[in-house]
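Student: What follows is the residue order along each chain.
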Amino acid sequence: MRLTAPEVSERVAAATQIEARGVSFAYGRHAVLEEVDLMVRAGEFVALVGPNGSGKSTLLRVLLGSLEPSSGTVRLFGEPPSRFADRERIGYVPQRPVLDSEVPATVEEIVSAGRLPRRGWWRPLHREDHEQVGHALDSVGLGDLAKRPLNELSGGQQQRAFIARAFAGEPDLLVLDEPIAGVDAESQRRFRDSITHLIEEHGAGVLLVSHELSAVALDLDRVIVLKRRVVFDGSPAELAASGVSLGVHPEDLPLWLEELR
Amino acid sequence: MPWPFDALPYPFELEFMQRALVAGVVVGIFAPMIGTFVVQKRMSLIGDGIGHLAFAGVGIGLVLSVSPIWAALTVAVAGALGIEWLRSRRTASGDLALALFFYSGIAAGVVLVSIGGGFDANILSFLFGQALTVNDQEIAIVVGLGAAIVAAMLVLRRGLFAVVTDEDWSRVVGLPVGFLNTVLAVIVATSVVAAMRIVGLLLVAAMMVLPVASGQLLARSFRGTMWWSVGIGVASVVAGLASSRFWGLAPGGAIVLISAVVFVVVALVKRAAAPKLQAEGAGL
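Chains as they are written, first to last, in our numbering: chain Y, 349 to 609; chain P, 315 to 598.
A few of these clues could be false.
Per label pair, the in silico range of CB-to-CB distance [to be verified]: (1) D434(Y) / V457(P): 38 to 48 Å; (2) A589(Y) / G396(P): 57 to 67 Å; (3) G396(P) / T544(Y): 41 to 51 Å; (4) E534(Y) / R537(P): 28 to 38 Å.
The list that follows gives simulated cross-link-like pairs (lysine-lysine, DSSO-like), each with its CA atoms no further than 27 Å apart [unchecked claim]: (5) K355(P) / K584(P); (6) K495(Y) / K355(P); (7) K584(P) / K575(Y).
Simulated coverage check for chain P against chain Y, where a stretch passes if three residues somewhere in it have a Cβ under 8 Å from a Cβ of chain Y [as the list claims (entries may be wrong)]: (8) 463–473; (9) 478–486; (10) 525–538.
Simulated from the structure, these hints should not be mistaken for lab results.
Each residue gets a CB set at the ideal place from its N, CA and C atoms; glycine is no exception.
Same shape as in the complex, but just chain Y (with noise of 0.2 Å):
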């Protein structure tokens, strides 16, 4: 059956996630961000990389809508950030997320957090949610730990309970700012298999920001190279091509972003 032009770009349209379009943003007379384009589809893994001031956080920023761009537009699933209501499609792993170090929260409990975008923030927690949990605990790890304070978890740790929080609802689309900076190799390790797991079992897209892309960077399908605008686009092996490694060498891509500046 062949597809008309306006089924073609709705299907295109419902499997992008995630679109940037001639995005600009400044803070006052400050340009961070110039005619950026960005997009990542369902079932697609990309890394967005940068050296520090180019932009990244703000982009993100921009992308999920807590900040207006200048210019251009931006989709979630096809709809402007402000008028998008499904945001419970969306799992968030934040940079260094705040916690009271004071406050005993458990693993469990910041985990199943992460149910309530799906469930209802208002209703109690069904034996289907907390099975969820149990998973997303599973995939990182930390199921014998989910009883344990988070204050007494390594940093490590740490971070992997945040991406089990944004695992727990199940995302359509997984967004992770610098998940793991300064993870021991065991996190990167479950932080990659959990990663592909939810790419290859549930078809959601990931926007990966981070500078350590050693331990995914046989999965990804693209890395975008941000600086203050887009300079790269493609896949890691035509990276590769221009001289720069994400695996073999680790170091290769930090060294390579600093001389970008």
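Given the structure of chain Y, go ahead and fit chain P onto it with the hints provided.
Tutor: Just chain P, lined up with the frame of chain Y:
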């Protein structure tokens, strides 16, 4: 008082003590319950700020010859919404927003009270509490508002937990952050007014914070912190009222002082036990 209160032994065998006990226990339940979320949100002093605003409400009630409680509730709720509005718009930081309302409230209260007839024992009872003189109508208000507050907290607690632990994440995944923050502010205002005749406007914030400070040290979960705090709050009220009967102390102050003593004891015991626990953890 109806059964089982009329069967209580000394120091609660008299009716005025039984009234104080009922009203005080209700405050001992809801104030720390709310406090768990307020402390986690790093707004421990919001109860103080709203308490000072409520004092301005008491002054308005005196000047206009309307019920000081309902006038205080109206001003406290309006002030809580103002504090949350300033905080959410980042027009002022959380503590600066509190300070603005804190000082404006107490100043307005002093001016209005002086216009309305000056400070007398009735006014002091709003500031410092007078649990031993609460009447049936005041008990009905405390119990009614307390029941509404506890019911609201039980419904809202999951959403509030998500918001107070990670507001940015909550916003991205679509939780109603603004709504939940606003409702929490209104509940804090309501609880301040509900508790003002028991512990007083100047001490009400202590009942939101001190039991939670102890509960955090004793519990290993957020849920556990909340229930430990409620237990300590209720125990402090009972012990505070009893000591006020034994030694003729001001009940509001006695309740808060006992909460503070509980915190000091818990902190010292925990500190003394910490090296031993660490040694056991290290297999020594």
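Student: If you check each hint against the structure, which ones fail?
Tutor: Violated: hint 7 alone.
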